[in-house]
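Given the sequences, and given the hints that come with them, work out the whole structure.
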Amino acid sequence: MRSGISAHVWLIALAFATAAAVSRPAAADDRQECLNGSKETAAATIAACTRAIESGDSNDQDLSALYHARGYSWSWTSFADLDDRALKDFTEAIRANPKSGGSLLNRSYIYNQRHDYDRAIADVNQAFEGGLSDYGKRVGYGERGYAYQAKGDNDRAIADYTESIQLDANNSFALTARGNAYFAKGDFDRATADYDRVIALDPEYAHDYSAYSNRAIAYLSKGDFRGATADFDRRQALSWLAAAVFLAVVIWLCCRRSAHLPGRWSGPTMGSDVRE
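For the numbering used here, add 19 to where a residue sits in the sequence shown, where the first one is 1.
The set of hints was computed from the structure by calculation and includes no laboratory data. Among the hints, erroneous ones may be present.
Said to hold, decoys possible - Label pairs and their calculated CB-CB ranges:
id	residue 1	residue 2	range
1	A99	R138	18 to 28 Å
2	D137	A219	33 to 43 Å
3	A219	G75	49 to 59 Å
To be verified - Here are the computed lysine-lysine pairs in the BS3-like style, where the Cα-Cα straight-line distance is at most 27 Å:
id	residue 1	residue 2
4	K170	K204
5	K107	K170
6	K58	K107
7	K107	K118
From the three backbone atoms N, C-alpha and C, an ideal C-beta is built for every residue, glycine too.
What follows is the structure, encoded as structure tokens:
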């Protein structure tokens, strides 16, 4: 799981425009309740979406919006199978409108969480083909970069993370992830530079993206034990559990001093309207 990102909170919530009135007032009310739901009204929102979907009064574009809204609303619930429910709804939204960028990016996120990286990449590619806003592109590059990195293609991952960062220079997730990809390639100076940027953005909360521990490990890999110790002290003050994990990594790395990269371990822990 990515640090700093909840497994059950998807990356995109679309702002839906008011569509043409449907034939029955009740169906119109359900549609509005579905598209304007909130976490506090999750159950009612999902019920309204279901009624609107089953009414048969929607064209393909409106139906896609309803399925997307219900798919996103599952993230506000505690169902054990909420990922499955969301995945099914996002798939129906895409079936009704293959250019549904929000549903494609949300489904790619779920695929990434399930380690189905090829499907995640395919969804992001399809979303790009349909046209994305700058925000959608930022998210898309981040999701696709994550999938490439998980597949071991760090060069493509770095390229995508860089595109995401160019769209938002304060994108802590992409900066941390790119640092991890540089680390995996043995480019510890660039990895450290990215972690530096994350920490500079917000020193108190950089631990949400594991920036201190990641930078400390990069320092260790370069033989900079003083820098690693300083970051260890900061991380220890923020979280004793993380400090314990970090200490274990320190011991492990020290036992492998002759290696530039640690065995099969790929690097520090990885830390989510989209249409044009």
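Let me make sure I understand: some of the numbered hints might not hold for this structure. Which ones are they, in numerical order?
As far as the earlier hints go, not one is violated by this structure.
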